[in-house]
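Student: Use these hints to put chain B onto chain A, whose structure you have.
Chains as they are written, first to last, in this note's numbering: chain A, 4 to 567; chain B, 857 to 1164.
Since the hints were derived computationally from the structure, they do not count as laboratory data. Don't take each hint at face value.
As the list claims (entries may be wrong) - Between beta-carbon pairs, the in silico distance windows are:
id, chain 1, residue 1, chain 2, residue 2, range
1, A, Asp335, B, Glu971, 56 to 66 Å
2, B, Trp1018, A, Glu30, 46 to 56 Å
3, B, Ile921, A, Phe546, 44 to 54 Å
4, B, Gly1048, A, Leu419, 27 to 37 Å
5, B, Val1015, A, Lys317, 32 to 42 Å
6, A, Lys429, B, Thr929, 49 to 59 Å
7, A, Arg96, B, Val1027, 41 to 51 Å
Unchecked claim - Partner residues aside, some chain B positions facing chain A, computed with beta carbon under 7 Å:
id, residue
8, Ile990
9, Leu1004
10, Val1071
11, Ile1106
12, Asn1107
None of the values given here were measured: they were computed from a predicted structure. Backbone N, C-alpha and C define an ideal beta-carbon position, used for all residues, glycine too.
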Amino acid sequence: MSSQKWRVALTALLVVAAFWAFWNTFELWTMSDSEKQTMQEKDPGKLLTMQQKAIRLGLDLQGGIHVVLRVKLEDLDAASKEGAVDRAIQVVRNRIDALGVAEPVIQKEGDDRIIVDLPGYTDAARAEELIGQTAVLEFKLLESIENANLLLSKIDTVISAIEKENSSPTAATTTPTTPTGDNQVMADLMGDTTKKDTSASAYEFDETTDYSTDPLTSRLELTLVSSRTSTAWPGYTVNKKDQILIDRWLKDPRVKALVPPDVEFAWSTRSMIREAREVYELFLLKRKVQFPGNKIEGISLGRENMGGLAVNFKLSGDAAARFAQLTGANIDKPLAIVMDDRVESAAFINSKIRNSGQITMGTGASFDDARNLEIVLKAGSLPAPVEIIAKNVVGATLGSDTISKGFWAALVGLLLVLAYIAFYYKVSGLIADIGLIFNLFFLLAVMAALGATLTMPGIAGIILTIGMSVDSNILIFERIREELLAGKTVRAAIDAGYDRAWVAILDSHVTTLITAGALFILGSGSIKGFAVSLFWGVLISLFTAYVITKLIFDFRKQYKTLSI
Amino acid sequence: MFSLIKKVPNIDFISKRNYAFILSAILAAIGIFAFVMISVGKGNMGIDFAGGVLVQGHFSQSVDINQVRDAVTGEFPEAQVNQVTDFSGGNAFMVKTKRPETEQEGAEKIKRIGEIIRTKFAGNTFTVDRESIIGPAVGEQLRKDARLAILLSIAGIMVYIWFRFDFRSGVAATVAMVHDVLAVLGIFFLLGLEFDLLVLSALLTLAGYSLTDKVVVYDRIRENLRKFRTRAEFVPCINRSINETLSRTINTSTTVIVVVVMVFIGGETLRNFALALVLGVAIGTYSSIFVASPIIAEWEARSPKRFK
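Excised from the complex, chain A in its bound form (with noise of 0.2 Å):
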C-alpha cells in the first residue's frame, strides 16, 4: 500500500523537522537557572543565540515592559511628517539596542504608534528615559589607528588581570607563552596572512585561542578601512556573541580609566554581515562633537557618478561655512554619524563639503543600507516627537508565578482529557491520545520555527487546541461506532468513519481558522498570540486527526474486533 508508505515517510519527516525546531526551546527550557547563569559569564553569546532560536515567552510570562508610543504628528509641519514615523522607530531601535534586551520586539501600528515589548526587562524609569528622548545626531571624527592600537593593548593587559582574578587562583599561576596583545594587534596592521587566513575559525570558541593573555584584542579583527592616501583609519569588527563581553568590560570602572577624556568607544548601530559571520563593529572616536545634525537639510537618496547608491545632503549659511572647514581640514579622514552615542556609519571625507554633498554607500551596499543612512540622517534633522501613550510593567516575579501556574493548567488539563478519551474509547482512544501528542508537539515546533511568542492567552490558545483536536477524534470515532451497529465490518468501519466525518472535520476547523485569522489581522500583543496558537493548532490538529491516528490504525490490516 504506497499511500501509507507516503503517509509514515511524511510523519517522520515531519517529526524529525520538528524535533530540530525544538531543539533550542528544550535545551533552553531544561536548563536550570543557575546553569543559564554560567552561560551568562562565561559563553552570553551562544545563551542569546538560543534564546533567539527558542520559543519566546510573552511579558507576561516572564516579565518585561511594553510601551505603546505615538509620534506627534500634529507638532510637525507638513515636510517633517512624511515618514516621521519610520524615523521615530529608527531612533528607538537605536537606543533599545543600547539596552542589550535580547528580543525586543518594535513595530508599527497604525499610523502614528510605535508598539515596543522588552521582554526580561524591568527597569521601566531607564526605559522611558531612553525611549522618549528626541534623537541626537552627531559627527564626529576617529583617533588614529596608533593611538587605538595603545589603548587596546594597555586595556588588554588590564582585562586580563581581572579575568585572572575572576577565574580560580591557580589559573594565575601559569605564565603565558603567546604573543603580548601589541603583537597581536601589529601582526593584524601588517596583514599577516597566515593570521588572517584562520581568522574565521579564530573567533569561535576553541581550544587554538588563548582567551587568557589578550582577551581584547584576540576577539578584535582589524578591519583595515583606506582612503586614496592609503592611510588605515580603525574600525573594529566582533563577532556578535563576543559583543555582550566587550561591552560589558569596556563599561568596567578599571577599564575606563584608561580611556583618555577626549576619546569614547562607540558601538555600530546594528550587527551586519561580514565574510559569513554577523558581526558588530566597534569605534574609537574622539569625544568632541565637530558638527550637530540638526543642521543638515534636504537629505535625499540618490546616485553617485560611478552609479552606486548614495545619500545626498545640502547645507545653508553659517553651518554651510562650519561643514566647511571641517572637511577641508580632514580630507581623507574618515567621519562618523553618530546617532545616540551610536556609529551608524564612517564615510571619508573625499573633499571640502560647502553647500552640498553627497554620502556615496560604496559597492556591496544594499538599497536599505542607503534607506537606512537616509533615515537616520532625517531623523536626526527632522527629530519626531513622541509620547508614550499606554504602558505595562510586569514583574519578573509574577511572570514566573504565571507561567508556572499556566503550565500546571495545560498539564491537568491535558491529562484529565487523555484519560477521559483513553476511558470513553478504550484503546481508540488511546490512539487518540498519541494523536494529541503529536498534535501539542507538532504546535510547540511550529512556534519555535516561527519564532513566536508564547503568552498566557497563547496557553490558553493550546489548551482550547486541545479540546478542538480531541473533537476530531469523537467526530471519527462516534461514526465508527455507527457504521459497527449498522453492521459493517471492522476494517471497512474505520475506514467509513474516516472518509464520512472529513466533511464535518474539516468545516469545523476552517471556522476557527477564520476566527483565528480575524483575531489575528486586528488583534495586538496577546491577542495575537492567542490566534497564532490557535490557528496553527487547529491546522495541525487537521493532519494529526486525519493522518497520524489513521496510520496506527492501518498498521493492522485486518480487524476482528475492535476496541471502541
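Tutor: Relative to the frame of chain A, chain B by itself:
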C-alpha cells in the same frame, strides 16, 4: 462498547422549539441591552478599552484588603481594589482606576498610590509586580479594532457556511452564533463582570466554536436529507440528525469544558476569559440542538424550498 447514550436516541427536539425560542429571545434581549450599554460606554469596561491605570503588588506580611481599599479610595474614590491570588500567598492585590488619562497623569497616579500604601503600611514591605497605564487614545483604537474583528469573523464564517451548505443554513448558523455571543455578553453584564480585551477574544473564539458545533449537525442533516424525499419527513430528518450527533455534541462539549476549566487555574488575568469560554461552550451546545436546526425547520415550514 461504552457510551453515554446506549443507542441512538429518538428525542423530538424540534417540537420543543417554541420553549427554546422564548428562552433564547430572553438571553438575546439581555445581550442586546448589554451590547448597547457597552457601546455607549455604560458597561463595565476593562482598562484596555476605557483607559486607566492598574497596579498589582504584594506585601511581605499578611494584610487586610479592606484597609488597603480604604487607604486608596480615600484619595482616589473611583479606584477598585481587589485581592488577587499569586505567588505571595494571598497578600497580593490589584488597584484599578478606570479614567482615561495621559501617561503623565497615569504615572503620577501610580506613584501616588504606591506612596499611600507604603505610608499606611510602613514596616510591611510592599512590592509592585505589575503596572499598566492605558491612555485614552489606545482604548478608542481598540474599540474600533474590536468592532472590525467581530464583523470580519462573523461575515467570514457566514459566507463560508453559505458556500458549503446553503443560504438558509448560513443565516441560521449565524443567528445561532450571534445568539451565543449575545447570551454570554448578557450574562457578563448581569453579573457585573469586566469586559476587556481577553473577554472579547473569548467571545470571538466561542463564535468559532459555536459554528463548529452547528456545522456538524448541518453536515448530518445534509447527509440524511438524501434519504428523505418528502416534505412530511423534513422535521423527523432534522430530529434524527440532531439525535445521531448528540453523543458527539455532548462529548466534545464535555472535553472542551474540562480543558477550559483548567484555564481557571491559570490565574487572575484569565479568569473572565475562561468563564466566557465555559459559558459559551455550554450555551453553544444548547443552541446547536435547540436553536440552529429548529430555525431551518421553521423556515422550511413557512416558506418551503426543499420540498414544495
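Student: With reference to the structure, classify each hint as holding or not holding.
Tutor: Hint by hint, here is what the structure shows:
| no. | hint | verdict |
| --- | --- | --- |
| 1 | A:Asp335 / B:Glu971: 56 to 66 Å | holds (60 Å) |
| 2 | B:Trp1018 / A:Glu30: 46 to 56 Å | holds (48 Å) |
| 3 | B:Ile921 / A:Phe546: 44 to 54 Å | holds (49 Å) |
| 4 | B:Gly1048 / A:Leu419: 27 to 37 Å | holds (31 Å) |
| 5 | B:Val1015 / A:Lys317: 32 to 42 Å | violated (54 Å) |
| 6 | A:Lys429 / B:Thr929: 49 to 59 Å | holds (58 Å) |
| 7 | A:Arg96 / B:Val1027: 41 to 51 Å | holds (49 Å) |
| 8 | Ile990 | holds (5 Å) |
| 9 | Leu1004 | holds (5 Å) |
| 10 | Val1071 | holds (4 Å) |
| 11 | Ile1106 | violated (10 Å) |
| 12 | Asn1107 | holds (5 Å) |
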